[in-house]
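Following the hints, put chain R in place on chain L, whose structure we already have.
2 protein chains.
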Amino acid sequence: MSLNNIYFILVRPQMGENIGSVARAIKNFNIKHLRIVNPRCNWPNQKALAISVGAKDVLKSSKIYNSVEKSVGDLDIVFASTSRIRKINKETISITNLKKKIKKGRKIGILFGPEASGLSNDEISCADYLVKIPSNKEFSSLNLSHSAIIFCYELFQHFSKRKSSYKTSYKSSIAKKSEVEKFLSFIIKGLDKKGFLQPMHKRQSMIRNIKNIFHRLNLSEQEIRILLGIFSTLNKINKKT
Amino acid sequence: MSLNNIYFILVRPQMGENIGSVARAIKNFNIKHLRIVNPRCNWPNQKALAISVGAKDVLKSSKIYNSVEKSVGDLDIVFASTSRIRKINKETISITNLKKKIKKGRKIGILFGPEASGLSNDEISCADYLVKIPSNKEFSSLNLSHSAIIFCYELFQHFSKRKSSYKTSYKSSIAKKSEVEKFLSFIIKGLDKKGFLQPMHKRQSMIRNIKNIFHRLNLSEQEIRILLGIFSTLNKINKKT
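Chain order of the listed sequences is L and R.
Reading the first sequence from the start, the letters are residues 2 to 242 in the working numbering.
Reading the second sequence from the start, the letters are residues 2 to 242 in the working numbering.
Only chain L is shown next, with the shape it has when bound in the complex (with noise of 0.2 Å):
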């Protein structure tokens, strides 16, 4: 059953109740894998063991990270929940259109932000797509967990039904989210270097407008080495000159 390649990760939650409740409702649609990044209440948490009621093994089993590029880098394909539209060249879909994102076999993270603010603009730039739950518009911002729970349902009614989708036959697989991100680094430091990323107060925006690009590509392992081979192409030949 293709749940087991889900990930849901809470980035900072705040509330141990929450990720107990968002433990259980996982685990009611079959899913498996939790992880957590910087948790804001104590770990392990012993509200969050009191309400999982018989998810105690999803907790036992979660994994903790301290970033958000870490607890994707195995994954292949990431979204990230939002209630609110952000000034960002990324797609934002209903989650009624979830389904038609995800590709067989591909592993998948859902990011969900704290309860108060949600995520950050940086912690969003390594996502492939912004997921909206349409609600009222006047009352939008629902409980950590069901929001867990309405993505559970959408993914247990699309995996439980098993359409039938077309494999292409391109050779070279999607590259992990640790490569894109290494590749990254790669053109970061060397930017930095030319001293591109200046002024130092606008190094962040730019650092995460670069991101947003490159993340949104699903990459394959052949592209990031072309890519790696035109960025340091430009760098190595000049030097001779």
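Identical chains blur together in the list; that is why a pair holds if it fits in one copy or across any two.
Derived lysine-lysine pairs resembling DSS-like cross-links, with alpha carbons at most 27 Å apart:
1) 138 to 64
2) 138 to 61
3) 88 to 102
4) 57 to 108
For the record, the hints were derived by calculation from the structure and aren't laboratory data.
Chain R alone, transformed into the frame defined by chain L:
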């Protein structure tokens, strides 16, 4: 809006937190009417108010009844949420088919049982249909507000116009294909100068690979400028070294 004809009815709920959580959930999806049959916690309930966040109005306008029959007396069609299949001669539908059973202009009630036990067979006797949320067979008991929000989500979708994607207020407009091509000629020229696109018989396929990458990006004009900046920086500053 026909969501105004939807009534959520909690039967013998045990915990104020869950009632508050359901209030928030239904308001998230523009549903206004909450009814409660024989609550087993104090009522009004402070925990319910605290957890409902901005949905206090839903709690304050909720109505209390002392029997299921009375709570559905003025409604036209009644659905009862159930997690188990019962030995009862009553149609059990999947929630994905709920919308097919809803008729225009009719008042619709949705019954939810107590957290631990669900609705009794007596309590569902007034229902037209039983409704099941497809889920993990080995762990199918959903939290009360989680079941409720999945109903909300389905009903909201049914009654509202489907948006499949959202417009961002991101300012920079998508670059025309001709601008992408101009950018591509720029890098290809640069790469040619440096002998990257060799041997000659592979040149065309290398160029095709590069074009494939950048054309599928939906680059904005701003992003094109960023990329141009990156490429020409990598070129220029080196010359000075």
